[in-house]
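J.: Assembling the complex is the task here: the two chains are given apart, and the hints tell you how they should meet.
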Amino acid sequence: MSIFTPTNQIRLTNVAVVRMKKGGKRFEIACYKNKVMSWRAGAEKDLDEVLQTHTVFMNVSKGQVAKKEDLAKSFGTDDLTEICKQILAKGELQVSDKERQTQLEQMFRDIATIVAEKCVNPETKRPYTVNLIERAMKDIHYSVKANKSTKQQALDVIRQLKESMQIQRAHMRLRFTLPAKEGKRLKDKLKPLLKVVESEDFDDQLEMVCLIDPGCFREIDELICCETKGKGSVEVLSLKDVEEGDEKLE
Amino acid sequence: MGHTSLEKLIRLQKKTSNIRNICILAHVDHGKTTLADCLVASNGIISTRLAGKMRYLDSREDEQIRGITMKSSAISLHFTSGESEYLINLIDSPGHVDFSSEVSTAVRLCDGAIVVVDAVEGVCPQVNAVTGALFTSKVLEERAVKEAELEGAVPEGEVPELSGGEQVYDWSAGLEETDDSHLYFSPDQGNVVFASAFDSWGFSIHQFAQIYCQKMGIRSEVLQKTLWGDFYINPKAKKIMKGAQSKGKKPLFVQLVLDNIWSLYDAVVTRRDKEKVEKIVASLGLKVMARDLRHSDPKVLLSAICSQWLPLSQAVLSMVCERLPSPSEMSAERVEKLMSVGTRRFDSLPEKTQQLKQAFLDCVSEDSAPVIVFVSKMFAVDSKALPQNKQRPLTQEELAQRRELARQRHAERQATSQIAEDPDSASAGGAQTATPTNNTNTDADALCAQTEALSVKPAEEEEEKKEHFIAFARVYSGVVRRGQRVFVLGPKYDPALTLRTLPEGCSADDTVPSVPHLACCTLEHLYMLMGRELEELEEVPAGNVLGIAGMEDFILKSATVSTSPACPPFTPLNFEATPIVRVAIEPKHPSEMPKLVRGMRLLNQADPCAEVLIQETGEHVLVTAGEVHLQRCLDDLRERFAKIEISASKPIIPFRETIIRPPKVDMVNEDLGRQQKVAVIHQAKEEQSKYHEGPQVDSGGLVNLTTPNKMATIGVRAVPLPEEATRLLEGSAELIRTMEQFSLFAREGKTLEISQKTLEQIQEFRTRLEGHLQGWKWRNAVERIWAFGPRRCGPNILLNGVEGYQRPSVWQCLEGEKEKPEAATLRDFDNSIVNGFQLATLSGPMCEEPLMGVCFSVESWEMKLAPQFTQQDSVEEETTSRQGSENSDNETRAAVSGESESGGSNEAEASSSSAGGQSRWRGDVTDCYGPFSGQLIAAMKEACRHAFQAKPQRLMAAMYTCEIMATAEVLGRVYGVLSKREGRVLNEEMKEGTDMFIIRAVLPVAESFGFADEMRKRTSGLASPQLVFSHWEVISSDPFWVPTTEEEYLHFGEKADSANQALKYMNAVRKRKGLYVEEKIVEHAEKQRTLGKNK
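Protein chains in written order, with the UniProt record's numbering: chain A, 1 to 250; chain B, 1 to 1095.
If you're looking for bench data, these hints aren't it; they were derived computationally from the structure. It should be emphasised that the depicted structure is a prediction, and the values quoted were computed from it without experimental measurement. Where hints are given, some of them may not hold.
Unchecked claim - Straight-line alpha carbon distances no greater than 25 Å define the calculated BS3-like cross-link-like pairs of lysine-lysine that follow:
#, chain 1, residue 1, chain 2, residue 2
1, B, Lys1080, A, Lys85
2, B, Lys588, A, Lys162
3, A, Lys33, B, Lys1087
4, B, Lys643, A, Lys125
5, B, Lys1071, A, Lys98
6, A, Lys125, B, Lys1087
7, A, Lys45, A, Lys62
8, B, Lys1087, A, Lys98
9, B, Lys1080, A, Lys98
10, B, Lys1064, A, Lys45
11, A, Lys98, B, Lys225
12, A, Lys138, B, Lys777
13, A, Lys145, B, Lys1071
14, A, Lys229, A, Lys181
15, B, Lys15, B, Lys357
16, A, Lys33, B, Lys1071
17, B, Lys1080, A, Lys33
18, B, Lys650, A, Lys138
19, A, Lys138, B, Lys357
20, B, Lys595, A, Lys138
21, A, Lys21, A, Lys90
22, A, Lys98, A, Lys33
23, A, Lys145, B, Lys1080
24, A, Lys151, B, Lys1071
25, B, Lys588, A, Lys138
26, B, Lys1080, A, Lys45
27, A, Lys125, B, Lys595
28, A, Lys85, B, Lys595
Here chain B stands alone, though its shape is the one from the complex (with noise of 0.2 Å):
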């Protein structure tokens, strides 16, 4: 087994019939990378003896420390089976499920895929995902696959504690296989294979049926069907009979291959038997090295005689070759599926891309052929791992050259440091005199290098700027050149559109105009993928996998290359997991900016599942998913992409804020009766002073609320919103959106063309709105909504209560009813109530969240206005400099007041520009409080929250839904952990046919930050949840809750010790946003250290 050529492998790459891709799939710890190890080792490229503790293909450094898979690297394998030779495209792929978008990925390029699975643990949860993913992306049909790995199971269980070595299965599965029994993986169908890759061993029951068809007489065709299942021989008979279990005889497949292969590890590995040893060799007619033999360590010799007797190789990459189609097979339902994005049916694409699909079938490398590559990902590599920039083996002249130039040099060198030194020297002494000969010596090997390096330098200079990214990336049909034309197609490039705008015929050569979606680049290098190598290649043919480098400033994640703009672009690549766990990035010193966004552009780039993005709050925020995946994350910005110190700070955690209705029983269950408990207003000390007259709240929860300058009243009232319409807003924010643009339009005069499916939408929203607000509380409510927040599309509802105020409805697209001229001149201040409702709308009073299903209904409004304001008009002319001066001096005012709070920014902001455009048309009157419209702003804010806050308070929590597989062993382990971070276990069920559990539970994302992490390590890995975003959740627990009644007294102590959840969250947002918090300084007044340290 020698180093495979690389020329042999491009003369392989061009016999698309023998070309095989496949990826290798299975749980976390399964044994992938050592499977792979294995079958790069019979390349000759790494020795058998490291392979399985290589881990080749795990390139990277933490990679190797942690032990576990975090990329999906290709390599490319020759292998020989009787008279073929095949090349295979091997894809090595993570197993954890944070790195799930790896092996999506992966799958994409392959046809077809080996799944390991470890003969103790069983099918695992990730098993399960990556298969579903497979299916989903079409590279297998979409067919159970559940049965056959039981099977495999149920005997096999003694045999990992026998053998000490690990046991891994590989079932291959065919693609192009329809019936339907094929697709079920049994050994006995000859698509398993029973292999350790650790003693690299393998085999299929075909291999010992052949063995034991000579010796037994038995014919192999039978034997292949016995020798799986419930069989035994009868030696008498000399029969295979059924029912091996229930007569309590050793299965045929026991009996005949587990039983040898267990005599040999109890030979060499237990009693290290060095006769019985040789005797296996002998009769197995193996030659064993006496190196290996004479070894102290045991492993090795079982692996040299495994190796030879039962090559695992030969077995997995055999029925690989067998099994799997080559790209040339490929179905045609998997095309159509391919090109077909999202929803769009095949049928409905242009008929220029319908024939695409033969290219495709075809998978000709001729040059006729349109060019059709995909790129699953984008993954960078240091510029010293390209080829261009290696370090060539120099030729003979060239060594002789140089040497001949650095003789020189040296010479020269040699003479003026002798100059220069020789006074030195005679100081110093003899003692010296060894030195500068050694001094001169590495002074001219530096010299050496210097010159070397000379003249790769240019280019590297070039290099260092950027990391390099290589496009991981498969040929679905033609020939791909170095330095071709292609068009890059975006994952929305629509090729109907393009078909109209462009010309017959046109080529990526020419210039294009610009299509929306698609850009012409220049394939600069093309590589081959040997894992941490990359080879040169000058052109690749269809149904490889390839490297593609330049193509950086125009695919960000994953596109399509085609030569043909018909072509369209493949489905996007459907990910398992979806990014969960934010975090905020910062850079250790705070110049350091600009490197850390130029570091994290380059992070997205090179990873498909992370997401980066920024906050309004100027936070950059890194999404992954999982903590692992956000390790690695985070050492990658580290080391390879900003370059920079940085801290990740806990994720920022949303929360809202809500309303219920007044409880009816207390902490301790007994019954409140009439008595009402009025939730203490937080902060109103401080609040009411900032007001010259305070708000007065009547047990109702009715606020009235008058302007500083005494000339307006608003009485708020807040309500909480059934569950379900809070719901169904959220839902509908698009549509909220729409409507409220169009009442915008409406008060300017213009229209709003809203197409016909968009206004059957509202309709609907609005006859569902109406279902969810039944009761007497709720009359004529939807018909009376003022105004959506915050954000004017958000959870909450304005309700117009004002007796007599008519104003257009949120409806009026609907109703179609123009607006009609409103002499009122509550109308003009319509505006300042709904921005004061938005600003409050937009953060609490609890901690500054957005609220959220809150309706607030204004019961009162009456204005006092000076008799000149009547008249306005007349008066605006004069008034609007005086006003706009002073107008804006009150914002600032306004600004610097809004500062003491953290939400301030915001709401200054928009209260200005709200007034600023008011002022434009109405004319302020002015006193000394400012513009009349701000005051109200600020008065209906004010009255919101303290209407908000004279009902019992509560936040809201984002929930992930989190679903969890586990062994019935750790379950009470999964309830612990579940319950210690707040979960809620929504049902659990038995999986059908296996000892798995599937738990459902709900989790607050608070509590999430490391969960997977606790999850895993309490199960010792047995349970793994999977975290999704569900829905936003009312915490139960009131924040500003103390003991009241006798009872709570007794049952919670007088400070209620108990850890409140919603106050730690409130307490930790207000922290976070440098709010006043209530907390002590020092808890316990006796128990300071008093004395100073020398007293």
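Chain A extracted, bound-state conformation (with noise of 0.2 Å):
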């Protein structure tokens, strides 16, 4: 058992490590931290930035450096930038506090904008700001979830948002065409899904405008198909419900 003292401690500080395998062999290479992400999406330039050294090694922390031979028989060249390159963009890497954190902001913003896209103050029909979002949802204590993709989670919230504050999906406004024959049979089954009617038209065929949640579309759809056998037809009006241009208060 090794006597960790100070002076025989080695501490790999600000350094992240990017590790590949290839060719049945491990190869490392040591970086800086909270660097790579940036590396990756084209906003670091200078790789001298991203590198602590152009050495690549087998273990970065034990400071085992990798053969030259086995270099060349996984990558086929003898250019140590270039195969740090290839690492640096294949490789897995860890990911280092401040890239995390920003990554979940990211998330956490890219939830809200969706959530602040998808939903209307129900009173007035307009959208809420992303801003106000993202507060509301500080207000429940939704934290994010980093694998799960960020859709998924704007509508877990929506849902958690409806407790607090008054919100709901923007309505889906939709015209169905039925053939005469059908069409008293499948008001009866369409009812429960439909929100709003806004104007309904019964001559020679069934016309309907009206408001659906956007989750039942695909329900909707599929009834009006199968049961008419392609006869009806549904048309999406708009996607969004939503008060448009600017109103003064007055």
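T.: Next up, the structure:
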């Protein structure tokens, strides 16, 4: 057992290791923290700001440098800089604290943006601002999960927000035309799925304009498609039923 | 000077000729409210000792804290001059630029004004602004006033230093004087008062002339003429001679008037010479109280002496009564101006309306006269301040009754509490014996209070529900009575229309058929405005200023109230300051949104200048005149109207995106030569991956893009529009919209009637556009215009450059040609192309802001259609249902993909509606990529975006023009502030005859937040900017610029560290919208803190 004393304990500080397995061998390079993501995104263009050294290691923490022949065998070149670039681009990396933080922040904002786009204030039929949603999300202590898609999380957030504030998904405006025969029968089936029926016109065929929850769209669509054997049609008039234009409060 | 009773004031209200409606105007901090204080003190409402310190009319808490007036408030004063008694309705107005709207509301109700000018600072910009307001609202005749002000300033230069007091001149200008010379302010005209409101003295030349004519044996008329100006007295010849300054003599004014005042100041304040003071007091024949003489603060003594020697209120008010007209002397010209709205001439009004003019002029308070009242603003009052809710002093009987009641309850309570408390006190021990009795006492007190409150409670509960609004109004004719039914006329009301529809002689009591902009309401309460207090009145005769309650549901901000439907609405108030500072407001807790909305509505009503609106993005925006105004509005929202916590975010600054011609020189002014620097295509990687076929960009900027199903290829080129053309397009949005509507109707086979005048305008627009688009590049361009965008009427053009493709021109309405039936399949998809163009112009690639001044030219459009598509008509029936489903399927997908970008919602929506619309009459061919029309829209949009990116892109910033008045000393600092905020000076000129400079500059809106504040701070208030939105301007720096040539490297360094203004704006917008911003998480890799906390 080695004795941990300050003198013989070497700490790797400010180092992020990027690993890649190639040709059965493990290669590592030593990079600066918080820099690899920027490099991959293209924001950082200076390689020296990313790499601690252009050396390729077998194990960074032990300081084992990769053998030349291994490199040549696996990468087909002995240009270390080139190999480093390849590893940077494809290797698996440790996500550093700030990188994780910004990633989560970005996701948080992304979720808020999606929610703000999908939802309206049911009273005014106007959208909420992203800022307000963000604040509301903080109020309900929503924590972002890095491994779930933002869209999925956004739907989850909407559900949770409904408990604390006036919010609902913006309705979709649809128009169906159904042949007269099936019209009556289908109408009863459709009824529970519709939120608001705006107009109904029944002469030779049934024509309806209504608002629905976007979640039911597929169901309605399938219902009409199957039941009428392709004779009825559904048409989306608007994806979001929101007030448009600026309004002066008076 | 005892307190004037209300009855007396009411009595005076009836004597129209003895009423004076005046307001006090001045630059900020020149002492309007202090002067008002002195005048108020003369009525015994506040103590003379407090006058000048209390600022009685500044009733708001923040007004007191900040020391500036924020609203105009009125007070009725009583003044006796010789035989006659006057009622003076005094309105104090704010001096700060931000509250110019309040000044306008005050000015409208007055017949005259006191203009206060500080002797040290002289005439300041705000004075010019408010006097300008006076003239435009026709309170005064439109003549110059400047000359006299100058004269005033010259000999006075040294006064303030010596006296240490604040010198204030008052100029009260007559209204009815038509002779030119009478309109100048000049002391020898007798319309100037020299005063110090702080030390409460004031005099006019006239007063001193009276004094000296006896002493010196010179005729008072002569003295009055010579006491002011370049005259001196020759003691030997006992003559008054001209040319004091050239001969180095003391001017008469200094010798006779100022020397006396100086010696008084000298004795009292500087040297504190007791004996001399006594001598002066004795010689002036005054009596000073011993208490004042002994006071340690010499100012007290000074004001005690001065207020007796030269009483300020006397000087000012007597001049007001003498010089200013009474309400009954209103000029015919002013009446006509008030009655004719906008550009309408007075003669064009209906005859019945014209008859009302006489009522104005007569200003009689008889019952037969029609009631005409103008409400200039609504102000909110706490329900507690209303007189009917105020705790009145109780009468003896009531007191006795209550006492009896309380006693009974007290006894009861004591009996019960004794039983309850006995065991308690026993266990606690003797120490507590004192407390129960105390308790019971307070109990009883509370009970008392309860019973008292009970009587007022039902009323109060109702009051609590809403803030009370009181209309700030003036009666122009007739008598207003409490409970009277009247018509409320909105600003757009047209008497001619009503007179036709309404029966003869109908009054507001009848049920009236609904007429636009006309409402009936009952005047619930009438008040006399007494500064902070309100006094309830039963009726108010003509010529008076009053407050009316119960109008909040009928009047938004201002209105005309009358018993006659023939009355025209008065000209709307014209505000000097347009609201310019925008902030987005949000509640701290999202659930409080409704409260915020209600609060903002109330605020809008209470503030004449504030605007509130909800934007399409859902933001609640508050627009105010300036930062101080904004602060007040926010405080009001927080504490009065919404009563919730709110947060105001930085205003949202709009930008536009555009392209320019490739620059000829690089950043260090080196010739670029023939090398073409194609701008780095932003996010090119990301966008290309979405499409199967990337766009092909050739060196000329022509972009070819194929739809995913490889059926159509579009070639688009982006060209910058000439600046004038852009401006023309921007200005003709209305015309373009009309044209658009016409073509829309034409497509559906209907026709839209367009008036001849509009047609002419369109024709003119067309020829002017042709004039702007000259040169070989633009050959036939106007003919080939396909559409305008965004929103079909914006300043961008889509050109049809497809060979052999004919489509109806946008100028259809001019040519009147019918649409030829077109067989070509291209025509069917015409709409998709237009929609794609609309989407592309609505949000540009730089930061999703609208484009401006860009012309997209479609140069090629090829369709390789599947064979069955040509005979679509027959197929249509079968495919509709399938399509319908797939169509919408695709749209939902489009929406999802759209959401990844921020402008997504808009575009997805637009595409869906258009796609939906098309599928009905066309029938789309569907494949795995969704309906073809949708693909075409997306392809067109992408093609436009890429074409845009292939050119040098620039941001356009909204610009303010800013006019700054500054003195020479602070000119340098003004320039400093301007250049720090990227402002550009247009011109600078010296104002004739003053030492003021007028600087005109342009300033980006993005930099304007806090500009006015900084300017004032840096120049210690000597320069005040007025900002007005003017135009859009291209920011010259390229947001995507990186150094490329050697010289540029040398000059800017590798990373181009110097701040790039355009990039800064662009990134700020992208961050706000949650778009990707190319930024490093950590700038310098080596400079990170590496160790953990405890290592």
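J.: Would you list, in rising numerical order, the hints stated earlier that this structure does not obey?
T.: Failing hints, ascending: 6, 7, 11, 12, 19 and 28.
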